[in-house]
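Throw the hints in and build the complete structure from the sequences for me.
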Amino acid sequence: MFNFVNYLPKAADWESAVKLTADPLVKENFADSSYEPAMINAIKEHGSYIILIPGVAMPHSRTGVLKNGLSLLALSEPVLFPDNQEVWLVLCVAATSPEEHIKYLGQISDLLGDKAKVSFLKRATSEQDIRNVLNA
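The sequence shown begins at 1 in the numbering used here and counts up one residue at a time.
Calculated directly from the structure, the hints in this document are not laboratory data.
There could be a bad hint or two in this list.
What the hints assert, rightly or not - Ranges between beta-carbon positions, derived for each pair:
no.	residue 1	residue 2	range
1	Pro54	Asp129	13 to 23 Å
2	Thr63	Gln128	25 to 35 Å
3	Glu99	Lys10	31 to 41 Å
4	Lys122	Ser33	29 to 39 Å
5	His46	Thr96	20 to 30 Å
6	Ser76	Glu99	33 to 43 Å
7	Ser119	Pro9	12 to 22 Å
8	Ala136	Gly47	15 to 25 Å
Claimed, not checked - Straight-line alpha carbon distances no greater than 20 Å define the calculated DMTMM-like cross-link-like pairs of lysine to aspartate or glutamate that follow:
no.	residue 1	residue 2
9	Lys44	Asp13
10	Lys27	Glu45
11	Lys122	Asp110
12	Lys10	Asp23
13	Lys44	Asp83
14	Lys44	Glu15
15	Lys115	Glu86
Predicted model, so just to flag it, every value in this text is computed and none were measured.
Each residue gets a CB set at the ideal place from its N, CA and C atoms; glycine is no exception.
Structural data, given as structure tokens:
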């Protein structure tokens, strides 16, 4: 489901967390260099509309998307998004169409609906921990 999975103890701020999550999508040509700033600008303009459930953000943009992809960043230490929303899991979606976006939302909803998996993800301390949860 996820093309890229990363773990870090912390990020400097919410913008860094978004960039760190999106970087693999840009580096591997799932999106071009306009993708990250488009997400950051949307959050600055609209606030924390990308918070799916407490602690989980899903920045996304169609700007700059070249092909479909998902990237995940888990943080041990939550980072504050606008509106003082603490986030420990960032999921960047790159979707080429509304249909692909909806497909990804369904997959993410299934993941976040599994409280045991979310609990394990929150306690993860490595990329391997995350992969183990995602592949269970």
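task: Given the range 12 to 22 Å, decide if the beta-carbon distance of serine 119 to proline 9 lies inside it.
output: holds (19 Å)
- request: Could you tell me whether the CB distance from proline 54 to aspartate 129 stays inside 13 to 23 Å?
  value: Once the Cβ atoms are compared, 21 Å apart, the range 13 to 23 Å for aspartate 129 and proline 54 holds.
20 Å Cα cutoff - pair lysine 115, glutamate 86: holds (18 Å)
query: Is it true that the C-beta distance of histidine 46 to threonine 96 lies inside 20 to 30 Å, as the hint says?
result: holds (22 Å)
- request: Could you check the hint for me, namely that threonine 63 and glutamine 128 are 25 to 35 Å apart, CB to CB?
  value: holds (33 Å)
message: Does the beta carbon distance between lysine 122 and serine 33 stay inside 29 to 39 Å, or does it fall outside?
response: holds (32 Å)
field: Beta-carbon spacing of serine 76 to glutamate 99 - inside the hinted bounds 33 to 43 Å or not
entry: holds (35 Å)
task: Could you tell me whether the CB distance from glutamate 99 to lysine 10 stays inside 31 to 41 Å?
output: holds (36 Å)
query: Would the pair lysine 44 and aspartate 83 pass a check requiring their Cα atoms to be no farther apart than 20 Å?
result: This hinted pair holds, its Cα atoms lying about 10 Å apart.
- request: Kindly confirm whether 15 to 25 Å is satisfied by the beta carbon distance between alanine 136 and glycine 47.
  value: Check failed, 34 Å falls outside 15 to 25 Å.
query: Quick one, are lysine 44 and aspartate 13 close enough, alpha carbons at most 20 Å?
result: holds (13 Å)
task: Would you mind confirming whether the straight-line C-alpha gap from lysine 122 to aspartate 110 stays at or under 20 Å?
output: The hint holds at about 16 Å.
Going through the hint list in order, the structure does not satisfy hints 8, 10.
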